Amino acid sequence: IQMTQSPSSLSASVGDRVTITCRTSQNIGRYLNWYQQRPGKAPNLLIYGASSLQTGVPSRFSGSGSGTDFTLTISSLQPEDFATYYCQESYSTPPERTFGQGTKVEIK
Amino acid sequence: EVQLVESGGGLVQPGGSLRLSCAASGFTFSDHPMHWVRQAPGKGLEYVSAISANGGSTYFTHSVRGRFTISRDNSKNTLYLQMGSLRAEDMAVYYCARVSTSGYYDFDYWGQGTLVTVSS
Chain A
308 IQMTQSPSSL SASVGDRVTI TCRTSQNIGR YLNWYQQRPG KAPNLLIYGA SSLQTGVPSR
368 FSGSGSGTDF TLTISSLQPE DFATYYCQES YSTPPERTFG QGTKVEIK
Chain B
2 EVQLVESGGG LVQPGGSLRL SCAASGFTFS DHPMHWVRQA PGKGLEYVSA ISANGGSTYF
62 THSVRGRFTI SRDNSKNTLY LQMGSLRAED MAVYYCARVS TSGYYDFDYW GQGTLVTVSS
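Just so you know, the protein sequences line up as chains A and B, in that order. All residue numbers for the first sequence refer to this note's numbering, where the first residue is 308 and numbers rise by one. All residue numbers for the second sequence refer to this note's numbering, where the first residue is 2 and numbers rise by one.
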């Protein structure tokens with residue numbers, strides 16, 4: 308399964324609404340997850356099953372989509388949200404679990 | 002508290018071998034499939050290998066198949082990655098990750114990572 312994540316980077320200000328998209332090469336239903344990675348740290352699960360918020364993740368994060376087109380939205384960007392975000396498919400068998408290329412969110 | 006702690010990384014020459022370990026605590030280890038994911042310097046995340054909860058099924062990305070082995074000891078709550086015939090392109094931070102019970106096979110907990118450097 309091929310993953311196309313866009314944009315590869317973006318500049319935004321605190322308080323901005325940010326949208327990141329992920330497109331897959333085949334229908335994966337809702338088997339799409341989103342992770343945040345801060346520099347020098349391990350990835351952290353934000354959204355699973357396309358739209359379910361992981362416990363402890365702020366509600367300004369949301370996910371949507373199904374099939375081949377998915378979106379991660381940050382409703383009001385906070386200073387701690389400047390990081391790199393990855394989508395991941397979890398549909399494939401055997402479990403390749405391919406990641407998108409990542410989107411780096413930087414301070415404008 | 003769920004914890005995953007990797008160890009075993011370090012400097013190895015091309016063609017050499019290394020064994021990574023991931024010690025798990027705070028949950029029933031034998032209930033969860035586990036994965037290894039790596040990240041080369043300045044690059045994105047790459048799936049490396051996976052193992053079923055009972056260790057009976059293993060999977061590898063194409064580039065490491067035949068060179069890496071994944072295993073687990075459920076009595077010791079530990080996951081392993083035996084890496085052989087190492088190449089420069091294997092140099093990366095290696096993370097172990099737990100597959101959640103959500104039904105969507107997401108990775109809900111990750112270790113802090115261990116750095117593997119392949120260089121002569």
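Please keep in mind that the hints were generated in silico from the structure rather than gathered at the bench. Here the structure is a predicted model, which is why all the values come from computation and not from measurement. Even for Gly, the Cβ is constructed at its ideal location relative to N, Cα and C. Wrong hints could be hidden among the right ones.
[What the hints assert, rightly or not] List time: in silico EDC-like cross-link candidates among lysine to aspartate or glutamate, alpha-carbon distance up to 20 Å:
#: 1; chain 1: B; residue 1: 44; chain 2: B; residue 2: 90
#: 2; chain 1: A; residue 1: 348; chain 2: B; residue 2: 109
#: 3; chain 1: A; residue 1: 348; chain 2: B; residue 2: 47
#: 4; chain 1: A; residue 1: 348; chain 2: A; residue 2: 323
#: 5; chain 1: A; residue 1: 411; chain 2: B; residue 2: 2
#: 6; chain 1: B; residue 1: 44; chain 2: A; residue 2: 413
#: 7; chain 1: A; residue 1: 411; chain 2: A; residue 2: 323
#: 8; chain 1: B; residue 1: 44; chain 2: A; residue 2: 403
#: 9; chain 1: B; residue 1: 77; chain 2: B; residue 2: 32
#: 10; chain 1: A; residue 1: 415; chain 2: A; residue 2: 387
#: 11; chain 1: A; residue 1: 348; chain 2: B; residue 2: 2
[To be verified] Cβ pair distances, simulated, as ranges:
#: 12; chain 1: B; residue 1: 90; chain 2: A; residue 2: 380; range: 31 to 37 Å
#: 13; chain 1: B; residue 1: 43; chain 2: A; residue 2: 309; range: 18 to 24 Å
#: 14; chain 1: A; residue 1: 362; chain 2: B; residue 2: 24; range: 22 to 28 Å
#: 15; chain 1: A; residue 1: 415; chain 2: B; residue 2: 59; range: 43 to 49 Å
#: 16; chain 1: A; residue 1: 369; chain 2: B; residue 2: 116; range: 32 to 38 Å
#: 17; chain 1: A; residue 1: 313; chain 2: B; residue 2: 8; range: 23 to 29 Å
#: 18; chain 1: A; residue 1: 320; chain 2: B; residue 2: 55; range: 28 to 34 Å
#: 19; chain 1: B; residue 1: 12; chain 2: A; residue 2: 333; range: 24 to 30 Å
#: 20; chain 1: B; residue 1: 31; chain 2: A; residue 2: 360; range: 38 to 44 Å
Here's how the hints hold up against the structure:
1. B:44 to B:90: OK: residue 44 of chain B and residue 90 of chain B at ~12 Å, within 20 Å.
2. A:348 to B:109: OK: residue 348 of chain A and residue 109 of chain B at ~15 Å, within 20 Å.
3. A:348 to B:47: The hint holds at about 15 Å.
4. A:348 to A:323: Not OK: residue 348 of chain A and residue 323 of chain A at ~24 Å, beyond 20 Å, violated.
5. A:411 to B:2: Outside the cut-off at roughly 30 Å; violated.
6. B:44 to A:413: Roughly 17 Å separates the two Cα atoms, so the pair holds.
7. A:411 to A:323: holds (15 Å)
8. B:44 to A:403: holds (18 Å)
9. B:77 to B:32: Given that 20 Å is the threshold and the Cα spacing comes to 14 Å, the pair holds.
10. A:415 to A:387: With a Cα-Cα distance of about 14 Å, the restraint between residue 415 of chain A and residue 387 of chain A holds, given a limit of 20 Å.
11. A:348 to B:2: holds (18 Å)
12. B:90 to A:380: 31 to 37 Å: This hint holds: roughly 35 Å between Cβ atoms.
13. B:43 to A:309: 18 to 24 Å: holds (22 Å)
14. A:362 to B:24: 22 to 28 Å: holds (23 Å)
15. A:415 to B:59: 43 to 49 Å: Given a distance of about 45 Å, which is inside 43 to 49 Å, the answer is holds.
16. A:369 to B:116: 32 to 38 Å: Between residue 369 of chain A and residue 116 of chain B, where Cβ atoms are some 34 Å apart, the hint holds.
17. A:313 to B:8: 23 to 29 Å: At roughly 37 Å between Cβ atoms, residue 8 of chain B and residue 313 of chain A fall outside 23 to 29 Å, so the hint is violated.
18. A:320 to B:55: 28 to 34 Å: Distance hint for residue 320 of chain A, residue 55 of chain B is violated at roughly 50 Å.
19. B:12 to A:333: 24 to 30 Å: violated (40 Å)
20. B:31 to A:360: 38 to 44 Å: This hint is violated: roughly 28 Å between Cβ atoms.
In terms of the numbered hints stated before, the structure departs from hints 4, 5, 17, 18, 19 and 20, listed from lowest to highest.
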